[in-house]
Amino acid sequence: MTPNMHNRLRPPHEAPTVKPPRFRYARPETLDEALHLLAEHGDEARVLAGGQSLIPLLNFRLARPEVLIDITMVEELRLMAVENGTLRIGAAVTQRTVERSEEAARACPLLTKALPFVGHLQNRTRGTVAGSIAHADPAAELPAVAAALDAVMVVRSSSVERTVPAGEFFFGPFTTALEPDEILVEVRFPSSGGARSSVVEISPRSGDFAIAGAAGLLLASPGGRTAECALALFGVGGAPQRLTEVEDHLKGRRVTSGLLDEAEEMTARTALADSEDIHADAAYRARVAGVLVRRAVEEMAA
Amino acid sequence: MRPVPRPADRITVSMSVNGGPVERTVDSRRLLADFLREDLGLTGTHLGCEHGVCGACTLLVDGRPVRSCIMLAVQADGCEVTTVEGITPREGLNPIQQAFKDHHGLQCGFCTPGFLMTLTGAEPSEYPDDESIRELLAGNLCRCTGYEGIVEAVRAAWGRDEREGRRP
Ligand code: FES
Ligand code: FES
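Each protein sequence line maps, in turn, to chains G and Y.
Those letters in the first sequence? Residues 266 to 567, per the working numbering, in order.
Those letters in the second sequence? Residues 12 to 179, per the working numbering, in order.
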């Protein structure tokens with residue numbers, strides 16, 4: 266695609282270049298208005314928050330919604346708060362806002378550690394936490410963080426509100442439990458208190474989508490054994506994956522180099538690796554996943 | 012209660028661009044970068060990839076760096092937009108621009124407005140060392156300089172030790 270070719274061949278101010286297909290745009294100010302619009306336009310509409318994933322798709326004309334409903338001005342969705350041990354993040358809260366929040370870092374260090382990996386500064390200024398989760402790119406960090414933390418998605422349509430645990434939210438690449446008339450209005454991350462956390466990934470360039478990555482949480486008992494542990498992979502398969510077998514294997518044990526070997530081997534063997542692209546095939550991703558889990562656990566146990 | 016806004020394919024927006032008020036009716040699909048370049052003639056904002064990867068189109072919205080090729084003009088309604096034209100003095104160069112010139116921070120210059128705007132929107136204290144400066148710059152691609160000159164320019168502009176992190 267070289268739209269710039271046309272720029273060069275004509276003087277400015279004539280026949281404007283266009284990238285996205287034509288659509289109608291509305292910017293509701295209340296959640297009721299947004300839900301009403303979505304109920305009316307359903308399948309033809311897309312919800313627009315930070316636009317860091319959706320607008321590139323429009324520019325490529327890979328998405329052709331007739332209506333865009335911009336929820337960034339919806340007051341109710343701009344909430345971020347820690348309540349009863351839960352970090353609540355509304356759908357219009359930007360990644361940068363969360364990244365810079367000390368309150369968020371205290372409640373969910375895994376989330377704030379993962380955020381610098383999400384795109385670049387310029388993307389995080391506009392991109393939202395909930396938007397990245399709703400978009401469900403298999404290589405994105407935040408869906409895996411949601412999986413590792415057992416986050417809960419609060420989903421609304423004009424008629425129903427429901428909650429969906431992260432374990433039931435992600436179906437596959439860009440596919441979630443969200444219905445066309447529903448908005449992911451809030452993500453609730455349980456506070457991880459005294460647990461250690463780690464995010465590791467490999468990517469072609471810092472800030473690019475990961476070829477493979479792991480997000481983890483580990484709570485050690487006073488005796489140095491692993492009391493609680495959660496591990497999730499991204500970039501390896503179509504959806505974020507919890508490594509329950511590896512988690513169970515680590516629980517009640519001290520992290521030794523022998524145990525790290527076992528965690529690495531077990532991850533490489535059990536990971537559902539089916540992502541393939543020019544950067545890496547599935548077998549490579551599975552193997553790298555093992556190494557990344559090893560690094561994450563090692564870091565958390567240190 | 013106000014009526015639910017109707018989705019429209021042309022919308023009137025008003026924003027401040029480089030300190031001056033602008034009001035225009037634009038297609039909903041108009042990208043902010045195209046609005047500035049085509050409608051306002053502010054061609055200092057460059058377009059490289061047009062899908063959010065290269066950073067050439069970086070500018071400030073309400074003081075913070077964004078990629079204007081993946082933001083709609085209608086989304087800038089009510090905002091303060093600053094482009095490279097807005098940070099350039101009438102005469103000469105501003106300190107960051109001068110540092111780029113002094114330290115070979117550019118060659119063809121295509122990527123330069125994006126780098127300048129990223130740096131203008133960044134808080135230097137958040138980037139205390141070379142590694143974090145490189146991390147910040149990772150959102151902008153340059154195919155000419157190899158980045159060394161750009162990092163040197165940042166060090167100079169931010170008053171950092173010139174030898175910090177340099178290979179012998
Ligand atoms: S032109 Fe906007 S990021 Fe490349
Ligand atoms: S100076 Fe040519 S691309 Fe950076």
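Everything labelled a hint here was simulated from the structure, so no lab data went into it.
Glycine included, each C-beta is placed from N, C-alpha and C at the ideal position.
A portion of the hints provided could be inaccurate.
DMTMM-like, lysine to aspartate or glutamate: derived pairs with alpha carbons at most 20 Å apart [as the list claims (entries may be wrong)]: (1) G:Lys-378 to Y:Glu-137; (2) G:Lys-378 to Y:Glu-146; (3) G:Lys-378 to Y:Glu-159.
In silico contact screen, one side only, chain G against chain Y (beta carbon under 8 Å); selected entries [stated by the list, open to error]: (4) Pro-286; (5) Gly-316; (6) Gln-387; (7) Gly-503; (8) Arg-507.
Results of checking the hints against the structure:
Only pairs whose Cα atoms come within 20 Å are accepted, and G:Lys-378 paired with Y:Glu-137 is accepted, the gap being roughly 15 Å. Our distance criterion of 20 Å between C-alpha atoms is met by G:Lys-378 and Y:Glu-146, whose separation comes to about 15 Å. As the CA atoms of G:Lys-378 and Y:Glu-159 are separated by approximately 28 Å, the hinted pair breaks the 20 Å bound. Annotation: G:Pro-286 was flagged as interfacial toward chain Y, and the flag holds, the nearest CB pair being 7 Å apart, inside 8 Å.
Using the Cβ-Cβ criterion of 8 Å, the hint placing G:Gly-316 at the interface with chain Y is satisfied: the shortest such distance is roughly 6 Å. At a threshold of 8 Å, the smallest CB-CB gap from G:Gln-387 to chain Y is about 5 Å, leaving the interface hint in force. Interface restraint check for G:Gly-503: the shortest CB-CB distance to chain Y comes to about 22 Å, outside 8 Å, so the restraint is violated. Taking 8 Å as the C-beta cut-off, the interface hint given for G:Arg-507 is violated, the closest approach to chain Y being about 29 Å.
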